[in-house]
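Asker: For reference, the chains in residue letters:
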Amino acid sequence: MHQLWWKVTPGRSVKTYLGVFLFGLLSLVGSPDRTLSEERYPLLVLGWLEDATLEDVFVGKTSLQVRTKLDTGADTSSLHAESITFFERDKKEWVRFIVRNREGKGIELERPVRRITKIKRKNGRPQSRPVVRLKICVGKSSEVTEFTLVDRSNFSTTALIGRNFLAGKILVDSSTAFTSTPSCIEDKLP
Amino acid sequence: MSKRFLYLTLTVTAFLLFRGSGVAEQLSVEVPSENEQRPKEVIGWVEPLAILPEDIRIEAKISPSFTTSTLHADKIMVFRDGGKRHVRFSLEGRDGQISTIERPIPEDVSESAIKAKKIVVKMALCFGSEKFEVDVLLSDRSGFEQEARIARDTLSGRFLVDPSKTHTLRPSCSEQGAAR
Numbered sequence: 001m002h003q004l005w006w007k008v009t010p011g012r013s014v015k016t017y018l019g020v021f022l023f024g025l026l027s028l029v030g031s032p033d034r035t036l037s038e039e040r041y042p043l044l045v046l047g048w049l050e051d052a053t054l055e056d057v058f059v060g061k062t063s064l065q066v067r068t069k070l071d072t073g074a075d076t077s078s079l080h081a082e083s084i085t086f087f088e089r090d091k092k093e094w095v096r097f098i099v100r101n102r103e104g105k106g107i108e109l110e111r112p113v114r115r116i117t118k119i120k121r122k123n124g125r126p127q128s129r130p131v132v133r134l135k136i137c138v139g140k141s142s143e144v145t146e147f148t149l150v151d152r153s154n155f156s157t158t159a160l161i162g163r164n165f166l167a168g169k170i171l172v173d174s175s176t177a178f179t180s181t182p183s184c185i186e187d188k189l190p
Numbered sequence: 001m002s003k004r005f006l007y008l009t010l011t012v013t014a015f016l017l018f019r020g021s022g023v024a025e026q027l028s029v030e031v032p033s034e035n036e037q038r039p040k041e042v043i044g045w046v047e048p049l050a051i052l053p054e055d056i057r058i059e060a061k062i063s064p065s066f067t068t069s070t071l072h073a074d075k076i077m078v079f080r081d082g083g084k085r086h087v088r089f090s091l092e093g094r095d096g097q098i099s100t101i102e103r104p105i106p107e108d109v110s111e112s113a114i115k116a117k118k119i120v121v122k123m124a125l126c127f128g129s130e131k132f133e134v135d136v137l138l139s140d141r142s143g144f145e146q147e148a149r150i151a152r153d154t155l156s157g158r159f160l161v162d163p164s165k166t167h168t169l170r171p172s173c174s175e176q177g178a179a180r
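In order, the protein sequence lines correspond to chains A and W.
For the first sequence, position 109 (counting from the first letter as 1) is numbered 109 according to the working numbering, and the numbering increases by one without interruption.
For the second sequence, position 65 (counting from the first letter as 1) is numbered 65 according to the working numbering, and the numbering increases by one without interruption.
Just so you know, the hints here were simulated from the structure itself, not pulled from any lab data.
All figures in this text were calculated on a predicted structure; none of them were measured in a lab.
Do not take every clue at face value.
[Unchecked claim] In silico contact screen, one side only, chain A against chain W (beta carbon under 7 Å); selected entries:
#1 Asp71
#2 Ile98
#3 Asn101
#4 Arg102
#5 Pro126
#6 Asp173
#7 Ser174
Where is the CB? At the ideal position from N, CA and C, for every residue including glycine.
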């Protein structure tokens, strides 16, 4: 058995195998973790209607799921809320309100009032509405976002996500709807 | 463990690493699926457009959450010319100049729609260097910043909207703009 140690199989040497192995290792270095379609549109592409979850609002063990419209024409986001009541806590202004999930179940929430905004109405006086912060997840993006609490009972969706969430994260494709399931990962792997 | 087995393992590992990295995807040719035809252009949420053939410069709010595109129209007048219905209206462009625009009213617009001031006409609009024929509802947009609202009917299959950008287009359509 005086075979040269690097000739293990006929026609193949250790060098070949090592070379292949190194090639595999090297292909890890400097390889982007994005596919071609993600290269083309670096931001996430979503439809004009999507499912979203309010991450810090729970119905049992799961986050509250709402239908949302992605409105590039809106500065800020808004949320349909009922029974809006103001109260004071720790010398600050708070608001108590009810949000309904897709099954129509009402969840009562309390949040500090960030500010009061005036909603322009087409006919009539401007209305004052409270603005609160809620963490919303749509597609794979989640962020604590300002929502104006409004009466959206005339509209088909509970929430409306505006540029304050969308800008820099999402491109809207108006030819599709409900393209995603909200799936936001809290801690990203390094 | 035999040397052959070891090297086979190394090769398989190398192959898996190669596939797992982005390199394989980068090297392969992406064949568009049936749904994804040509890549769509990305535009902002407000864009300058030109009404053709008059070349009237306007601004449009790009609104994928709306179904129909609208255009501000003042002093709307419906009249008949050679048995066909036409509409004449005024529009103040971006430069403050007031233009009078005339367009034929499509056959499928009912008399009751006209009475209810819900007139939809075909307008040729210039988006960047491309011309599209768009159905627009003539409406009162006097409370709004932009003269037009471009909605899903126009955007679908052609544009994606980037809510972080505005004025990405510069209307520059030649006489025979490409129609899509």
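Asker: Evaluate each hint against the coordinates.
Answerer: Verification of the hints:
no. : hint   : in the structure
1   : Asp71  : 4 Å, holds
2   : Ile98  : 25 Å, violated
3   : Asn101 : 21 Å, violated
4   : Arg102 : 19 Å, violated
5   : Pro126 : 12 Å, violated
6   : Asp173 : 5 Å, holds
7   : Ser174 : 3 Å, holds
Hint check: violations occur at hints 2, 3, 4 and 5; the rest are consistent with the structure.
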